[in-house]
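Just need the whole structure built from these sequences, with the hints factored in.
Top to bottom, those sequences are chains A and B. First residue of the first sequence: 1, per our numbering; consecutive thereafter. First residue of the second sequence: 1, per our numbering; consecutive thereafter.
The set of hints was computed from the structure by calculation and includes no laboratory data. There could be a bad hint or two in this list.
Rough simulated footprint, nothing fancy, chain A against chain B, three-plus residues with beta-carbon under 8 Å [stated by the list, open to error]:
(1) 4–13
(2) 37–47
Far from chain B by the CB rule (all over 10 Å, computed), these chain A residues [said to hold, decoys possible]:
(3) Gly51
(4) Ser214
(5) Glu350
The following label-pair restraints were derived from C-beta to C-beta distances [what the hints assert, rightly or not]:
(6) Gly135(A) with Gly73(B): 34 to 40 Å
(7) His488(A) with Ala121(B): 50 to 56 Å
(8) Glu145(A) with Asp37(B): 54 to 60 Å
(9) His488(A) with Pro67(B): 16 to 22 Å
(10) Pro10(A) with Gln40(B): 35 to 41 Å
(11) Pro67(B) with Ser481(A): 16 to 22 Å
(12) Pro12(A) with Tyr26(B): 44 to 50 Å
Backbone N, C-alpha and C fix where the C-beta goes; we use that ideal spot for every residue, glycine too.
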Amino acid sequence: MTNSARTQRPFPFTEAHPRFHVEGWGELLGQEELFYATDMVRHFIATGETGSGKSASAVMRILEAVLRYPEKEPYQDYVRVAGRAAESKESLRPAVLVVDPKQELEELVVKEAGRRKVLRIAYGEAGPILHYFEGRSLDEIDPFEVMELILTQSDFYVQDQANTREPVWNKQAGLILQDFVAIDMWLARQSIGRVRELWDRTRELLDKEEESKSLLANIRYDPANYFRAMATLIGLSATQEGSMPLACYLDVVQTLNVPGELTMRLVTLATLYHSTRSGVIWMANGILADIAAEEFAACVSLNPIEPPPAEKRLCVKDVLDKGDVVVYVPSAVSPIADMVGRCIKSKFFEFAFQRENKVRPFFYIVDEAHRFLTAGEQDGEQSLLDRCRAFRTGVVLSTQSIASMSYRLESSAGGGYNALQIILNNCGNALYFRTSDIQTQNHLRQRIPDPPVPNRPHVINVRPLTSLSVGSCYALRANGSWGLFQVHLPG
Amino acid sequence: MSITTLLDVKRPSIRLTGPIDMPLCYALIDEMKLLHDYYQYRIIELEIDSPGGDGDALHHLVQFLAPWSRGDGRILKTKGLNEVCSAAAILLSFGTLGHRTALPHSRLLYHHVRRTFPNGASQTVSELRATGNRLETWEKAFLDQLITHIGRLPGKDLNKDAYCKKLTRLLAQERDIDAKEACDLGLIDRVVP
Numbered sequence: 001m002t003n004s005a006r007t008q009r010p011f012p013f014t015e016a017h018p019r020f021h022v023e024g025w026g027e028l029l030g031q032e033e034l035f036y037a038t039d040m041v042r043h044f045i046a047t048g049e050t051g052s053g054k055s056a057s058a059v060m061r062i063l064e065a066v067l068r069y070p071e072k073e074p075y076q077d078y079v080r081v082a083g084r085a086a087e088s089k090e091s092l093r094p095a096v097l098v099v100d101p102k103q104e105l106e107e108l109v110v111k112e113a114g115r116r117k118v119l120r121i122a123y124g125e126a127g128p129i130l131h132y133f134e135g136r137s138l139d140e141i142d143p144f145e146v147m148e149l150i151l152t153q154s155d156f157y158v159q160d161q162a163n164t165r166e167p168v169w170n171k172q173a174g175l176i177l178q179d180f181v182a183i184d185m186w187l188a189r190q191s192i193g194r195v196r197e198l199w200d201r202t203r204e205l206l207d208k209e210e211e212s213k214s215l216l217a218n219i220r221y222d223p224a225n226y227f228r229a230m231a232t233l234i235g236l237s238a239t240q241e242g243s244m245p246l247a248c249y250l251d252v253v254q255t256l257n258v259p260g261e262l263t264m265r266l267v268t269l270a271t272l273y274h275s276t277r278s279g280v281i282w283m284a285n286g287i288l289a290d291i292a293a294e295e296f297a298a299c300v301s302l303n304p305i306e307p308p309p310a311e312k313r314l315c316v317k318d319v320l321d322k323g324d325v326v327v328y329v330p331s332a333v334s335p336i337a338d339m340v341g342r343c344i345k346s347k348f349f350e351f352a353f354q355r356e357n358k359v360r361p362f363f364y365i366v367d368e369a370h371r372f373l374t375a376g377e378q379d380g381e382q383s384l385l386d387r388c389r390a391f392r393t394g395v396v397l398s399t400q401s402i403a404s405m406s407y408r409l410e411s412s413a414g415g416g417y418n419a420l421q422i423i424l425n426n427c428g429n430a431l432y433f434r435t436s437d438i439q440t441q442n443h444l445r446q447r448i449p450d451p452p453v454p455n456r457p458h459v460i461n462v463r464p465l466t467s468l469s470v471g472s473c474y475a476l477r478a479n480g481s482w483g484l485f486q487v488h489l490p491g
Numbered sequence: 001m002s003i004t005t006l007l008d009v010k011r012p013s014i015r016l017t018g019p020i021d022m023p024l025c026y027a028l029i030d031e032m033k034l035l036h037d038y039y040q041y042r043i044i045e046l047e048i049d050s051p052g053g054d055g056d057a058l059h060h061l062v063q064f065l066a067p068w069s070r071g072d073g074r075i076l077k078t079k080g081l082n083e084v085c086s087a088a089a090i091l092l093s094f095g096t097l098g099h100r101t102a103l104p105h106s107r108l109l110y111h112h113v114r115r116t117f118p119n120g121a122s123q124t125v126s127e128l129r130a131t132g133n134r135l136e137t138w139e140k141a142f143l144d145q146l147i148t149h150i151g152r153l154p155g156k157d158l159n160k161d162a163y164c165k166k167l168t169r170l171l172a173q174e175r176d177i178d179a180k181e182a183c184d185l186g187l188i189d190r191v192v193p
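Set out below in structure tokens:
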């Protein structure tokens with residue numbers, strides 16, 4: 001058996017594993033407030049408007065249960081059943097990724113983390129940086145794969161591909177960027193110094209032009225913001241004389257003996273008539289506006305050539321191996337912050353499936369989940385949720401309403417109605433708090449059976465979601481049961 | 001139709017009118033199960049306006065209502081409306097403690113347990129004797145359960161023997177009492193306007 005096949009082999013929880021203790025959920029779980037591990041990894045979705053009690057009653061209670069896992073008594077019960085085959089308490093302590101846009105969860109994380117390391121990622125703070133190509137050396141990846149991975153995270157590219165009638169411009173822009181990366185990677189395989197030389201000499205050539213002097217400082221190889229040099233060069237190429245910066249760049253490339261097949265598309269672009277060239281350039285500008293943004297580069301490194309320095313790097317593999325906690329605090333409303341969140345998520349799931357040691361559970365707990373949903377083939381929730389439960393990986397999605405999830409997914413390539421349905425169907429545990437969203441109400445009406453007596457109204461018509469009090473919710477559980485219950489907050 | 005339900009968002013109410021017999025007993029049990037299990041209500045109001053009825057039906061109802069009477073995660077608010085007699089009065093008193101009420105003008109009658117027979121039914125002497133014994137057993141059981149139930153009222157230091165004698169005397173008197181007197185006797189908790 002190959003190593004890859006071995007690491008991809010699932011390693012699910014069994015009913016014998018220690019159960020999770022969710023405090024305050026007595027009405028739902030019974031007096032002991034215990035939740036089977038097998039049910040915990042069938043994922044949660046909590047919906048409800050602001051002030052409905054969703055965070056305090058659902059998300060924080062689950063997070064607390066995850067961080068305290070395994071607790072003493074359930075673990076002792078497990079050891080009694082499993083005997084010598086029992087997994088150690090330490091090895092069962094979950095690794096957790098928390099996305100906390102409203103900064104409500106972090107305090108709880110710090111309080112319950114125990115001996116775990118808590119790593120905080122936030123723009124404007126000196127936190128760790130995710131290396132998007134962690135675990136892949138320069139020799140293991142090719143430029144096509146690099147750009148493919150990056151473009152799936154770019155809102156501009158993905159939405160344009162999904163919605164525009166002429167995605168050819170966008171596609172061309174992606175290919176142009178791929179060529180820039182390919183040239184850098186080809187030079188980097190000789191030495192990093194060659195990449196520096198390329199960009200430094202391009203800057204020097206352009207320096208002779210008076211108009212663009214103020215921007216030229218950005219045209220240099222910057223390991224911390226890899227795409228900034230490219231973004232500046234492309235930006236300068238949008239004008240009527242835009243072929244000139246490209247020509248300067250290509251001149252330097254030629255002197256560095258870069259193979260012709262890597263530069264062919266760039267040469268063609270430089271020679272195109274302005275109105276045609278600017279179509280591709282504007283698209284590339286759009287993509288680079290996201291991925292070369294300062295806010296993005298402060299949290300995620302897209303540099304395929306070299307990783308951030310070890311002391312600044314977030315090592316996802318280590319976090320999963322050691323059971324640490326990562327808290328990502330995105331800024332209030334920023335598409336770049338959402339993109340960062342999606343990149344971090346996608347990296348954690350990649351490693352969750354591939355890690356050698358699958359005993360340790362992993363939980364992804366995300367507030368305002370609609371901001372971070374994706375519908376990609378590999379890293380989209382509709383693909384992950386079904387597979388990951390067999391890898392002891394649980395997901396907790398907290399969102400304002402199903403309409404907001406639907407809105408986000410409709411703009412994703414491959415997203416839309418079916419992706420939403422798959423996500424909802426895969427969240428075996430669903431908690432519906434007070435909301436006036438019609439879509440959420442309709443969805444719940446379909447999931448709860450009709451009354452057992454004919455000609456009686458459906459429970460949702462009698463007790464609609466708008467009528468629920470704070471901390472009260474409809475709960476549908478992975479075991480098929482459902483009910484309306486009130487969470488009693490501890491203390 | 002002697003059972004009518006009003007489905008309110010927060011608290012539903014069932015209005016029980018007419019004589020209490022086995023069909024009505026089952027209809028009430030089904031309705032309460034539907035409200036609790038499907039509509040997920042934990043508080044149900046039962047409004048009663050009934051001349052009473054069969055001891056057999058009452059016996060069955062009291063067994064079903066036990067968790068409601070005890071208030072095990074649920075509350076049965078009983079409310080006497082107008083005429084609340086015999087089995088209906090006992091039913092009223094088996095509401096969750098602290099939630100048994102009656103209107104000021106309602107008349108309540110607590111008397112001996114009776115058995116109603118279908119029209120034209122006849123019984124032999126031995127059958128009548130057995131029926132009599134059964135009624136006595138039920139009456140004793142109702143009294144015991146009622147005293148235990150009322151004795152659970154917090155802060156109420158009930159002398160069970162004295163209270164039993166008081167109730168037995170009331171049953172024998174065959175007289176209507178008003179809501180206030182029922183309240184004084186501990187058979188309901190409050191008179192409501």
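Query - Hint numbers not upheld by this structure, sorted from lowest to highest - result: Going through the list in order, the structure violates hint 6 alone and respects the others.
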